[in-house]
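Chain Y is already provided as a structure; the job is to place chain G on it using the hints.
Here the protein sequences line up with chains Y and G, keeping their order. In terms of my numbering, the first sequence has 121 at position 121, counting the first letter as 1, and numbering is strictly consecutive. In terms of my numbering, the second sequence has 161 at position 161, counting the first letter as 1, and numbering is strictly consecutive.
It is worth saying that the hints were derived from the structure and are not from the lab. Don't take each hint at face value.
No more than 25 angstroms apart at the CA atoms, straight line, and that leaves these computed lysine to aspartate or glutamate pairs for DMTMM-like [to be verified]:
no., chain 1, residue 1, chain 2, residue 2
1, G, Lys153, Y, Asp98
2, G, Lys2, G, Glu259
3, G, Lys107, Y, Asp120
Looking from chain G toward chain Y, a few residues come up when the C-beta cut is under 7 angstroms (computed) [claimed, not checked]:
no., residue
4, Arg70
5, Arg124
6, Phe128
7, Gln142
8, Met144
9, Lys150
10, Thr196
11, Ser202
12, Phe208
13, Pro213
Where a beta carbon is used, it is the ideal one built from N, C-alpha and C, also for glycine.
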Amino acid sequence: MERTISLAPFELGLVTAERLKGYDAVYLGGEFCENRLPSPADYKRLAAIFPGRVVTVTSIFSERGLGRAADLLKKHLGEQKDFEIVVNDWGLLRLLKDKYGGKARPVLGRLIIWEIARMDKAFLNSFCREYGIKSVEADCEPVLKQLSGYKGSVNYHAPYRFRSTSRYCPHLKDFVSSPCARSCGAPVRLKNPKVLGEDLFLMGNAYFTPNRPVKHRLIRRTVETFIREP
Amino acid sequence: MKITAGVKSRKEAEYFLTNGADEVYCGLVGLRNNRLPRENFSRPEDLKPVLELARRTGKKVFVAVNELVREQEHPETLHLLAELKELGVDGAILRDPALLAYFKKKKFKFYFTLSTLANCFNSRTLAFFARLGLSRIVLPMQLMPENAEKLIKNRYGLETEVFCQALYYGVNLDSLCTLPCPQTSENFSKKFTDFTCLLPYSCGKDVFRMPMPPPEYMFGAFYDYFHLGVGHAKVARWPNVLREIDLFLKVRLLVKLLEKGVSRKLFIHEGLRLDAKPLQYGKSFTLKSLAG
Numbered sequence: 001m002e003r004t005i006s007l008a009p010f011e012l013g014l015v016t017a018e019r020l021k022g023y024d025a026v027y028l029g030g031e032f033c034e035n036r037l038p039s040p041a042d043y044k045r046l047a048a049i050f051p052g053r054v055v056t057v058t059s060i061f062s063e064r065g066l067g068r069a070a071d072l073l074k075k076h077l078g079e080q081k082d083f084e085i086v087v088n089d090w091g092l093l094r095l096l097k098d099k100y101g102g103k104a105r106p107v108l109g110r111l112i113i114w115e116i117a118r119m120d121k122a123f124l125n126s127f128c129r130e131y132g133i134k135s136v137e138a139d140c141e142p143v144l145k146q147l148s149g150y151k152g153s154v155n156y157h158a159p160y161r162f163r164s165t166s167r168y169c170p171h172l173k174d175f176v177s178s179p180c181a182r183s184c185g186a187p188v189r190l191k192n193p194k195v196l197g198e199d200l201f202l203m204g205n206a207y208f209t210p211n212r213p214v215k216h217r218l219i220r221r222t223v224e225t226f227i228r229e230p
Numbered sequence: 001m002k003i004t005a006g007v008k009s010r011k012e013a014e015y016f017l018t019n020g021a022d023e024v025y026c027g028l029v030g031l032r033n034n035r036l037p038r039e040n041f042s043r044p045e046d047l048k049p050v051l052e053l054a055r056r057t058g059k060k061v062f063v064a065v066n067e068l069v070r071e072q073e074h075p076e077t078l079h080l081l082a083e084l085k086e087l088g089v090d091g092a093i094l095r096d097p098a099l100l101a102y103f104k105k106k107k108f109k110f111y112f113t114l115s116t117l118a119n120c121f122n123s124r125t126l127a128f129f130a131r132l133g134l135s136r137i138v139l140p141m142q143l144m145p146e147n148a149e150k151l152i153k154n155r156y157g158l159e160t161e162v163f164c165q166a167l168y169y170g171v172n173l174d175s176l177c178t179l180p181c182p183q184t185s186e187n188f189s190k191k192f193t194d195f196t197c198l199l200p201y202s203c204g205k206d207v208f209r210m211p212m213p214p215p216e217y218m219f220g221a222f223y224d225y226f227h228l229g230v231g232h233a234k235v236a237r238w239p240n241v242l243r244e245i246d247l248f249l250k251v252r253l254l255v256k257l258l259e260k261g262v263s264r265k266l267f268i269h270e271g272l273r274l275d276a277k278p279l280q281y282g283k284s285f286t287l288k289s290l291a292g
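Only chain G is shown next, with the shape it has when bound in the complex:
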């Protein structure tokens, strides 16, 4: 299983590529993606050292265009992606069917990955997107392996990628959530410091928390995904790189365990020993980057 890590700078790309990541992905100012501009590379030229390192080490670099792109921006997006392809970028991560349809119409071929934000939960949804020309799909964070077999063993020959849900799980469906939080909100001017999905709520005499599956279940899910043939594990691009590195090292260890062929029971046991604490989105989404 290959590991894909999100990066915000050259220095972060160097760290991940020299510490076991097989691929990195990043945003670029000018390409709409679901991170703030300060978390993106500024110009295509800034990617050159990352691409050179990737080439030297036999690794890959992708760019994220995982937001909806307005029609008037389609030509410019195509132009920029064509430039990046020429520079040596290996592919792009998208979610917008209109943009994919535009690329298809323009006969622009690239290695396209369908973002997890597209919420592809079944094989017919995959068929809907696959006809637009995909090479890989990132399975939704809330899809579990028992429902994913047809997506993984799909008839389009698409590669698949998953998150290690036990270590990073979206409580609600990200792309459909309009509750305020520091990461996204429909009203970006209204800065909200807490994650609504992690707060306690009073509910009569009880306390309610938005639920997530138990960690045992999620470690089991990652084990099952590996054995179903998922080829890539994703470590998302977090503003706080120290937390991302921590996550990356844990995922790297888990992948090694899987490749060693440990039993499901042992894998879950080791996973829980490694990390069984609740999510701390707040810390992960506080900007701390490796500049450069």
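Okay, chain Y solo, but in the shape it has when bound:
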């Protein structure tokens, strides 16, 4: 089982080399906000404290965000041999296939997999073959159940399960396609006893509920969310 940890670029200043010991890889970026796309400087900062593999994490993109992602791909796919990237945008997936063929290793992110885990596995497996996808991301039992028959592996996120996201950022009070100062910071606990019977956590522009690591034959990797203290 691979152990990984997920960091937003602005969290790089909060972690030490010591904190990252024992992880096989670091996820860098953001699945829900395009402003969390790492910059070249972010990769350098991470390399200074973590010598292992980096998995780039991306979100749904606006036109502007997709342009930035295309620049990032151009740079990394020229330099890096093993470029693994979590994709949550159909357009980025298409770009990877059209322009970079087998050079990158796309992983289907939680947003896309919520959509396509429900599809028939014959279609999903052939789609994954066509796009060179060997693994997908998940964070809850219903999706794991739906993935029965999927031929690749699953990367499982804990201790938070994704529940919802908005393109209108609660911190920025603007759409995530606008530039921001990455002021989202620590998770915000939202309480309402009527909802779900548990608290919601706001992280960036997405909402989560707590979950736990689970055992499942498809899971080959755990992805731990880095949590800084509020």
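Relative to the frame of chain Y, chain G by itself:
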């Protein structure tokens, strides 16, 4: 700008088609869509009077297949859509790339609209779906005009459709939300009466509400969409038809203002006069239909 309205019955279709809607769309039992069976037409024959009225008045009728469709249901879905096409239905609204790929493989041509639920936020995503054979795209509710130009002036010649976001806005991305609500939930057996996205939350000493853009901004967005060349305004199929009619009449008025050529400032001013109250999803999703 043409107005497309969602309907649940013949009577509702008659109301909208005779009061200014250019198109109606509906669900049909047997075609997977994101409304409950009771909000759909029961049989293809039930659509005949709607189609006749549309034909007489030079208007159009579409059906929604805007959910994921299992592979074993693809042939039956194709069969049913072919039957509807034969009856005179003008097209279908879809979101499932696997279903679109199946239709393409089977060389089934129809006027396909990509549902807003497909979350098409950029031109490369549009390219992904367009190759599957589309004629129109409904832009996501959370896409704003400043990021939509390449989608509207797309190179595939696709028509575009938007919601009037100031009057109807999804706080979160609908198709990716698993928070419980009366409309959808991953656990359909667990009836939930409130909209999680509209509830107040305590957050330390503060009260937190899931945010949405201010109405001024949204009226401005609708104005900009019109001037960028979006051809269709969508009034979604709500369970509560009285609220839908209220929304429809407001959209109709706003479109008239746009067609008159009012300034952006005046449009926003008039929009705010018309409706600047917060969303009331709960009321909109309580079933009240015009039967027939």
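Status of the hints after comparison with the structure:
{"no.": "1", "hint": "G:Lys153 to Y:Asp98", "result": "22 angstroms, holds"}
{"no.": "2", "hint": "G:Lys2 to G:Glu259", "result": "11 angstroms, holds"}
{"no.": "3", "hint": "G:Lys107 to Y:Asp120", "result": "21 angstroms, holds"}
{"no.": "4", "hint": "Arg70", "result": "6 angstroms, holds"}
{"no.": "5", "hint": "Arg124", "result": "3 angstroms, holds"}
{"no.": "6", "hint": "Phe128", "result": "4 angstroms, holds"}
{"no.": "7", "hint": "Gln142", "result": "4 angstroms, holds"}
{"no.": "8", "hint": "Met144", "result": "6 angstroms, holds"}
{"no.": "9", "hint": "Lys150", "result": "5 angstroms, holds"}
{"no.": "10", "hint": "Thr196", "result": "5 angstroms, holds"}
{"no.": "11", "hint": "Ser202", "result": "5 angstroms, holds"}
{"no.": "12", "hint": "Phe208", "result": "6 angstroms, holds"}
{"no.": "13", "hint": "Pro213", "result": "6 angstroms, holds"}
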